[in-house]
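K.L.:
Fit chain R to the given chain B structure using the hints.
Here the protein sequences line up with chains B and R, keeping their order. Converting from the first sequence to the working numbering requires adding 1 to each position, the first position being numbered 1. Converting from the second sequence to the working numbering requires adding 1 to each position, the first position being numbered 1.
Be careful, since some hints might not be right.
The list treats identical chains as one, so a pair stands whether inside a single copy or across any two.
To be verified - Subject to a maximum C-alpha distance of 20 angstroms in a straight line, what follows is the list of computed SDA-like cross-link-like pairs (lysine to any residue): (1) K167 <-> I154; (2) K45 <-> R131; (3) K250 <-> G180; (4) K250 <-> N188; (5) K250 <-> N183; (6) K24 <-> V156; (7) K250 <-> M221; (8) K142 <-> S227; (9) K181 <-> V246; (10) K218 <-> T248; (11) K142 <-> D107; (12) K142 <-> D224; (13) K250 <-> L222; (14) K45 <-> N169; (15) K218 <-> A145; (16) K181 <-> Q247; (17) K142 <-> D168; (18) K39 <-> I15; (19) K218 <-> Q249; (20) K142 <-> P108; (21) K250 <-> V217; (22) K32 <-> G10; (23) K181 <-> Q249; (24) K142 <-> E106; (25) K39 <-> M192; (26) K24 <-> K50; (27) K250 <-> D182; (28) K218 <-> Q244; (29) K181 <-> K250.
By construction, these hints were calculated from the structure, which means they are not laboratory data.
Residues per chain, in single letters:
There are 2 protein chains.
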Amino acid sequence: MDAKNYIYGRNSVIEALLTNTRKINKVLISKNASNDVKINEIIKLSKEKNIIFQFVPKEKFKEFSNIPHQGVIAMISPIEYMDFYEFLEQKNKSFSRIIILDGVEDPHNLGAIIRTAACAGYNAVIIPSRRNAQVSAIVEKTSAGAINHIPIIQVNSLSNVIDKLKDNDYWIIAADAHGKDNYFDVNYTDMNFALIMGGEETGVSKNNLKKSDFIVKIPMLRDFNSLNVSNAAAAIIYESVRQTVQTQKHSV
Amino acid sequence: MDAKNYIYGRNSVIEALLTNTRKINKVLISKNASNDVKINEIIKLSKEKNIIFQFVPKEKFKEFSNIPHQGVIAMISPIEYMDFYEFLEQKNKSFSRIIILDGVEDPHNLGAIIRTAACAGYNAVIIPSRRNAQVSAIVEKTSAGAINHIPIIQVNSLSNVIDKLKDNDYWIIAADAHGKDNYFDVNYTDMNFALIMGGEETGVSKNNLKKSDFIVKIPMLRDFNSLNVSNAAAAIIYESVRQTVQTQKHSV
Chain B
2 MDAKNYIYGR NSVIEALLTN TRKINKVLIS KNASNDVKIN EIIKLSKEKN
52 IIFQFVPKEK FKEFSNIPHQ GVIAMISPIE YMDFYEFLEQ KNKSFSRIII
102 LDGVEDPHNL GAIIRTAACA GYNAVIIPSR RNAQVSAIVE KTSAGAINHI
152 PIIQVNSLSN VIDKLKDNDY WIIAADAHGK DNYFDVNYTD MNFALIMGGE
202 ETGVSKNNLK KSDFIVKIPM LRDFNSLNVS NAAAAIIYES VRQTVQTQKH
252 SV
Chain R
2 MDAKNYIYGR NSVIEALLTN TRKINKVLIS KNASNDVKIN EIIKLSKEKN
52 IIFQFVPKEK FKEFSNIPHQ GVIAMISPIE YMDFYEFLEQ KNKSFSRIII
102 LDGVEDPHNL GAIIRTAACA GYNAVIIPSR RNAQVSAIVE KTSAGAINHI
152 PIIQVNSLSN VIDKLKDNDY WIIAADAHGK DNYFDVNYTD MNFALIMGGE
202 ETGVSKNNLK KSDFIVKIPM LRDFNSLNVS NAAAAIIYES VRQTVQTQKH
252 SV
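Next comes chain B alone, as it looks inside the complex (with noise of 0.2 angstroms):
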């Protein structure tokens, strides 16, 4: 674990909670640890920064244990997240393309999530704070350094971003099993769209595939369940960029 992805020590938590809140993925918090009060400073104030806490057994510091941590570790992302409404009063030239994850919890599938997002020329990938994975050292190694070609945008709730964007002339579309049309059928071309990926367990949630304009299914050609989560945004992401290229061709 590279250094420069954590903060370890009572004091130095409470003090990155209070001067650099968007940095922090998590605070981790050895069940061991005295409950003195700066403990409980740090519950407190990782709560009013929305930011998540875990007690966890004494094992998970093993990896941190030549270094005075006090039981307590702060993990930082490697990047600034961008802020959403910053976003999205930047004047794009073109149309505007987001992917938006909805629970997928593997880091190397959020790595190469991004990664291919960046290459088909996205302008942003936008992630819930809670029940998905964040980007940290190792989503930073499998996106191959992506993280740092894209804007990646941490978000509280995605219902209310999702009814934001639509507000603003976003159109949403989902990805699940059971959609309607192929994902080859909607023409990306002519659009602002966000693209909603289910996580690997639970797919898209009820709520937000209420909210979508498109439900996108990938034909399945042999009786085999689904395809792992970044190779099916692979193949809708790079569907939306071979339009796009024979559609330039074509008005040439």
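P.N.:
The following block gives chain R in isolation, referenced to the frame of chain B:
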């Protein structure tokens, strides 16, 4: 590590090498193992059967510390690989589609590609027995069980296999960043083909690129290097599915 995925002990490994060669992925020999006649026999048999053997530091054996391994472990594939010539002799009703992996080392990528190939109705996945991940318990898991839904063929020489496929009316398509055409400008619907995806670091080997009928690239819409190999495979594999499904629709 699930007990069904390895064989331990000198006599057992010798027995497995003598009787059941095709299912062994590799043999691990502890550097600390006393170098007796049985170890020499294991090395000799592994060479004869073209099975990789590795001398590994004793730390590698920590996960097997509860079993009397005598410094020798044979890692077994959870599946029976299909024989290449047996595959060729099968009569397929429609056009045949194969994916060939040339140096894909990450088991997560191998698992995801097998899963996507199964979903896309591909006829086989071909992997070389060296310098490529083999089908292991991790691959089984990351493929979500798809290893049991598509034939997987392990071969000693990709070069020979490619020649044989060409003799059998397969077109060879390699994916490479310096390809001439975009992958979606190829018509996948009217031919037998084998798609070669290269390893994470090395890409498709020069020799195999030379033998290919088409070299296709995935266009980058932002100045970023490349997709994760399983995501790249998904984009191309599902383009062939899109063409198939949309062609069938038009011909109704």
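K.L.:
So, for every hint listed, does it hold in this structure?
P.N.:
Hint check results:
1. K167 <-> I154: This pair counts as within: shortest intra-copy Cα distance 17 angstroms, inter-copy 48 angstroms.
2. K45 <-> R131: Within one copy, since 18 angstroms is at most 20 angstroms while 54 angstroms is not.
3. K250 <-> G180: between (30 angstroms within a copy, 18 angstroms between copies)
4. K250 <-> N188: both (16 angstroms within a copy, 17 angstroms between copies)
5. K250 <-> N183: between (24 angstroms within a copy, 12 angstroms between copies)
6. K24 <-> V156: Answer is within: at 13 angstroms inside a copy they meet the 20 angstroms cutoff, but 48 angstroms across does not.
7. K250 <-> M221: For K250 and M221, the Cα distance is within 20 angstroms only across copies (16 angstroms; inside one copy 30 angstroms).
8. K142 <-> S227: between (26 angstroms within a copy, 14 angstroms between copies)
9. K181 <-> V246: between (26 angstroms within a copy, 15 angstroms between copies)
10. K218 <-> T248: between (23 angstroms within a copy, 18 angstroms between copies)
11. K142 <-> D107: Cα proximity of K142 and D107: in one copy and across copies (13 angstroms, 13 angstroms).
12. K142 <-> D224: between (34 angstroms within a copy, 18 angstroms between copies)
13. K250 <-> L222: between (30 angstroms within a copy, 14 angstroms between copies)
14. K45 <-> N169: For K45 and N169, neither the intra-copy (35 angstroms) nor the inter-copy (69 angstroms) Cα distance is at most 20 angstroms.
15. K218 <-> A145: between (28 angstroms within a copy, 19 angstroms between copies)
16. K181 <-> Q247: Answer is between; shortest inter-copy Cα gap is 16 angstroms, intra-copy 25 angstroms.
17. K142 <-> D168: neither (35 angstroms within a copy, 41 angstroms between copies)
18. K39 <-> I15: within (8 angstroms within a copy, 60 angstroms between copies)
19. K218 <-> Q249: Cα proximity of K218 and Q249: across copies only (18 angstroms, versus 26 angstroms in one copy).
20. K142 <-> P108: both (10 angstroms within a copy, 16 angstroms between copies)
21. K250 <-> V217: between (26 angstroms within a copy, 17 angstroms between copies)
22. K32 <-> G10: within (15 angstroms within a copy, 41 angstroms between copies)
23. K181 <-> Q249: Close across copies (18 angstroms), not inside one copy (28 angstroms); limit 20 angstroms.
24. K142 <-> E106: both (16 angstroms within a copy, 16 angstroms between copies)
25. K39 <-> M192: neither (51 angstroms within a copy, 68 angstroms between copies)
26. K24 <-> K50: within (11 angstroms within a copy, 53 angstroms between copies)
27. K250 <-> D182: The answer is between: 13 angstroms across copies meets 20 angstroms, while 26 angstroms in one copy does not.
28. K218 <-> Q244: both (17 angstroms within a copy, 16 angstroms between copies)
29. K181 <-> K250: Between copies only: 16 angstroms across chains, 29 angstroms inside a chain, cut-off 20 angstroms.
In the structure shown, a violation is registered for the earlier hints numbered 14, 17, 25, in ascending order.
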